[in-house]
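> Now for the letters of each chain:
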Amino acid sequence: MDAVDRTIINALQGDFPVSENPFADTAASLEMDEATLIARIDAMVSDGVLSRFGPLFDADAMGGAVTLCALEVPEADFDAIAEIVNSYPEVAHNYERQHQFNMWFVVAAESRDIVDEVLLDIQGRTGLIVHDMPKQDEFFIGLRLEV
Amino acid sequence: MDSTDRKIIQATQAGLPLVSQPYHQVAEQLGLQPEDVIVRMQRMLDSGIIRRIGVVPNHYALGYRANGMSVWDVPDHDVLRLGPLVGQLPFVSHCYRRPRHLPEWHYNLFAMVHGRSREDVESQVSQIADLLGEANLGHEILYSTRILKKTGLRLAA
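Those sequence lines, one after another, are chains C and V.
FYI, in my numbering the residues of the first sequence are 36 to 182.
FYI, in my numbering the residues of the second sequence are 2 to 158.
Here chain V stands alone, though its shape is the one from the complex:
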């Protein structure tokens, strides 16, 4: 990734121009050749710097009003085996291992689940609990009650 890639990231991270030739418009804005922008974006897509390109839905507006961050206390020696199993469940959007913050916070596995209602989320979370079985030493669901900010990741100019 070089300074030109960074400029392209800065120019597109809030969104692509909604015109027939968005990459041409980005190129024009940056003083680059359209082919250059296209090649570089494809390369960033191939290398994983761009995860994907498309619509970024607002879960709330789409009726997925119950957004639960389920957090789990799983034995450290088992988390690398169990994490991928949880992550593969169709209703889990993100699944990460994160550090505990004892004494207040003893959870090390995070799985985001989205449903149309809290009942949906609870039934999904009970499926995770079934899957973890005895490795589930405790869990909670943290519901989001307000989006305070959502800009997506931004690279400062």
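With the rest of the complex left out, here is chain C:
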């Protein structure tokens, strides 16, 4: 990652345009050419510096339901349980965390009913209590990372 990559990351965490030629528009404002911008983003996605490039959707605004869940997983079963949890397309993120509650995952679906089904299913297949912690209020979202 060099200065050009850093410029792209710092400048493009939100304002990519919806236009005919969005890369050309963006490249002009960053004083680089379009092909370079596309190639750099492509390389950063391939290298894993970027998780992806594109729109970030708000599942709530889509009319869907999202929740954060915690599990207390016995260490010996950790990988097997992770495999079960990750197998659901509704599970968007899953993190191991250092705590008694050591597995934290986000479930998102079109409706709360579907979320409930997934949680029940996970509970049934893992034999573990799924602690369901849907957000009740949102105070801020949108960190800008400086690199």
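Don't take every hint at face value.
Listed below are the simulated BS3-like cross-link pairs for lysine-lysine, each with C-alpha atoms no more than 30 angstroms apart in a straight line [as the list claims (entries may be wrong)]:
hint	chain 1	residue 1	chain 2	residue 2
1	V	Lys150	V	Lys8
2	C	Lys170	V	Lys8
3	V	Lys151	V	Lys8
4	V	Lys150	C	Lys170
5	V	Lys151	C	Lys170
I should point out that these hints are in silico values taken from the structure, not numbers from a laboratory.
Computed from a predicted structure; not experimentally measured.
Following the hints, put chain V in place on chain C, whose structure we already have.
Positioned in the frame of chain C, the structure of chain V alone reads:
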């Protein structure tokens, strides 16, 4: 949001095509007019269905290796006043009120903080503690030690 919007969401949620005219390519893929895709995406952006469009950085790969979920036990009657103050701190990426799960889990305010080291995260968390003062009835930092899955939110086909 109608079925065409949903198709556009499904086609773009893993990422936009990295070509000069990504919205045209999405349109072609879906059998739509490019203008239609552009108008619909702009509308979803305006209405908040799309939070933003751009790079989604991998914190770890960028050196933000310490990713701490700080969780706080704050009196319920104060949380709506204090939450926005915590959320406004520059190093807090997400801040939510969530239900307690007594007896194991008595925290109702979650603030994600990101730093290059655990020392960074700890100093950020102590700033939150200062801000909350006596309303901080207890807190912990849960560090993530592994990403087990990260696909972003997906709308099933």
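> Which numbered hints are broken by the structure, listed smallest first?
none
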